[in-house]
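Based on the hints, put chain B in the right spot on chain A.
Protein sequence lines correspond, in order, to chains A and B. Everything in the first sequence is counted per our numbering, starting at 1 for the first residue and increasing by one. Everything in the second sequence is counted per our numbering, starting at 113 for the first residue and increasing by one.
There may be inaccurate statements among the hints.
Said to hold, decoys possible - Listed below are several chain A residues computed to face chain B (Cβ distance under 7 Å; list not exhaustive):
1) 28
2) 57
3) 61
4) 64
Unchecked claim - Heads up, incomplete: computed chain A residues facing chain B, CB under 10 Å, no partners named:
5) 24
6) 26
7) 98
8) 106
As the list claims (entries may be wrong) - Below 16 Å or equal to it, Euclidean Cα-Cα: the simulated EDC-like pairs (lysine to aspartate or glutamate) are:
9) A:26 - B:331
10) A:82 - A:110
11) A:103 - A:58
12) A:82 - A:56
13) B:129 - B:297
14) B:495 - B:485
15) A:18 - B:306
16) B:315 - A:15
17) B:334 - A:35
18) A:22 - B:338
19) B:408 - B:369
20) A:22 - B:304
21) B:334 - A:25
22) B:129 - B:149
23) A:51 - A:15
24) B:492 - B:338
25) B:132 - B:304
26) B:315 - A:35
Calculated from the structure, these hints are not laboratory results. Nothing here was measured: the structure is a model prediction, and the numbers come from that model. Backbone N, C-alpha and C define an ideal beta-carbon position, used for all residues, glycine too.
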Amino acid sequence: MKVLIRRQLKEKMIDFEKVRLKVNDKDITIGCVLESNGSTSNLKTGAWRSKVPIVDLDRCIGCGTCWVVCPEGCIYKREDGKFESNLDYCKGCGICANECPVKCIEMVMEER
Amino acid sequence: MGKQIMEASHAISEAVKMVKPGVIAAYPITPQTHIVEKISEFVADGELDSQYIRAESEFGAISACLGASATGVRSYTATASQGLALMFEVLFIISGMRLPVCMTLANRSISAPISIWNDHQDSISIRDTGWIQLYAETAQECYDLTIMQFRISEHRRVLLPSMVCMDGFVLTHLYEPLDIHRQEEVDDFLPEYEPFHAILDPKQPLTQGPIGFPSHYMELRKSQIDATKGSLRIIESIFNEFSKKFPVEIKNSRPDDYRVIEEYKTDDADIIFVAMGSICGQIKVVIDKLRKNGEKAGLAKIVVYRPFPDDAIRKALYNADKVAVIERAISAGANAPIFDEIRSLFYDDSRRPNIRSFIAGIGGRDVTLKHIEKIYYMVKEDKGKKEEWMF
Numbered sequence: 001m002k003v004l005i006r007r008q009l010k011e012k013m014i015d016f017e018k019v020r021l022k023v024n025d026k027d028i029t030i031g032c033v034l035e036s037n038g039s040t041s042n043l044k045t046g047a048w049r050s051k052v053p054i055v056d057l058d059r060c061i062g063c064g065t066c067w068v069v070c071p072e073g074c075i076y077k078r079e080d081g082k083f084e085s086n087l088d089y090c091k092g093c094g095i096c097a098n099e100c101p102v103k104c105i106e107m108v109m110e111e112r
Numbered sequence: 113m114g115k116q117i118m119e120a121s122h123a124i125s126e127a128v129k130m131v132k133p134g135v136i137a138a139y140p141i142t143p144q145t146h147i148v149e150k151i152s153e154f155v156a157d158g159e160l161d162s163q164y165i166r167a168e169s170e171f172g173a174i175s176a177c178l179g180a181s182a183t184g185v186r187s188y189t190a191t192a193s194q195g196l197a198l199m200f201e202v203l204f205i206i207s208g209m210r211l212p213v214c215m216t217l218a219n220r221s222i223s224a225p226i227s228i229w230n231d232h233q234d235s236i237s238i239r240d241t242g243w244i245q246l247y248a249e250t251a252q253e254c255y256d257l258t259i260m261q262f263r264i265s266e267h268r269r270v271l272l273p274s275m276v277c278m279d280g281f282v283l284t285h286l287y288e289p290l291d292i293h294r295q296e297e298v299d300d301f302l303p304e305y306e307p308f309h310a311i312l313d314p315k316q317p318l319t320q321g322p323i324g325f326p327s328h329y330m331e332l333r334k335s336q337i338d339a340t341k342g343s344l345r346i347i348e349s350i351f352n353e354f355s356k357k358f359p360v361e362i363k364n365s366r367p368d369d370y371r372v373i374e375e376y377k378t379d380d381a382d383i384i385f386v387a388m389g390s391i392c393g394q395i396k397v398v399i400d401k402l403r404k405n406g407e408k409a410g411l412a413k414i415v416v417y418r419p420f421p422d423d424a425i426r427k428a429l430y431n432a433d434k435v436a437v438i439e440r441a442i443s444a445g446a447n448a449p450i451f452d453e454i455r456s457l458f459y460d461d462s463r464r465p466n467i468r469s470f471i472a473g474i475g476g477r478d479v480t481l482k483h484i485e486k487i488y489y490m491v492k493e494d495k496g497k498k499e500e501w502m503f
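The following block holds chain A by itself, in its conformation from the complex:
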């Protein structure tokens, strides 16, 4: 089966020039295809936040629960084995604070 699909594909790549189109002076592509990938990382969702997670690193046991439950995937492991949020992307949902077994994360109203 894999052989068949490869045969039908003919190893042919898409030439983006062929799917480009101009409608109402705007550049679009047929079927709304984007040349770039992973461009969501350009969208800094941290700006959506109203509360910011503040981690008490002294009490953090480095269990990684917050890292597992974060829906944004923005929590990273520090060199000392403890965990912190990347505030560029943290939306402030508070799931990490709720799930933390030692309650070392506090959601604090953020003033901008």
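For chain B alone, kept in the frame of chain A given last:
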């Protein structure tokens, strides 16, 4: 294989075998079952080298087709009625992503009450999803249109999904003489699939089906609608090419030349019927009978319903005094759909035929020759209401 007596469902299966889709995903539903049953046999017997996915639902089936098409393979599915209703969301996504997925729809009424029998409510209800809709009258037309639909959908200036609609039971379970074309000729007409749309491939990462912000959504939709309207001329040229390449082998099994609107004795007709699907066979018989009595009747059969062939319909009905639109679908609380669209075509013309609406054959109710004849005389003698239900 040449001439055969074959069930129309199996004619579709034969056509699918000859166009060789890479992926076939389907969920069985009456009256489409015979089509996918036969195809799965072809795959199991090794006659068709294709990936057959037994989906968990119609939503899964059409989604698998979407995914397969996005990776650059020919993909096919078949369904009916509630199955199509379950696919609804994905139908829009496929046409918006401009993926040439092909489908056979065995037209069946929509529940409630539950009915497994034929009318056109399922396909008419999804007319705005951006799919090309072709309607077949005979087994030969089912077979031919299925081969043509792949050419149409995959054309580089079309890139839209299409469905061939065939009447449930009346056509799906009907045995008719059929001419099966030679594989080499079909291969010649429909070469190996070469996608003209963007394809998912790890070697060239890209994003398909992203969010369309208000700044661009309208332009993207406009480009899709332009392609749908423009596809009409491409459909016409593919119909012409097919008719020349595959001449009629069995008399009356199909029109000599496929047209978006098939005209039957319309040239000098005073009263013209408009209909689509298998009901046209009965109408033709009635027209022949009426003609023997000196009545000038004709038929404009809609083969392509989406994109709506407005010029061809206007041309077909131009000389008629009266038009009777017979349809097997309704729009609750409004005029019947085809009737409305045809009537609005003539709004700007100074000369407008008298157009009337007849609802018939809903939920598999038999439409007999007597019904059609009665419609003719009701129109001729100006009897009855603007919209008549032919019970």
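Checklist entry - Okay, which hints does this one fail, numbers in order? => result 2, 3, 4, 7, 8, 10, 17, 19, 20, 23, 24
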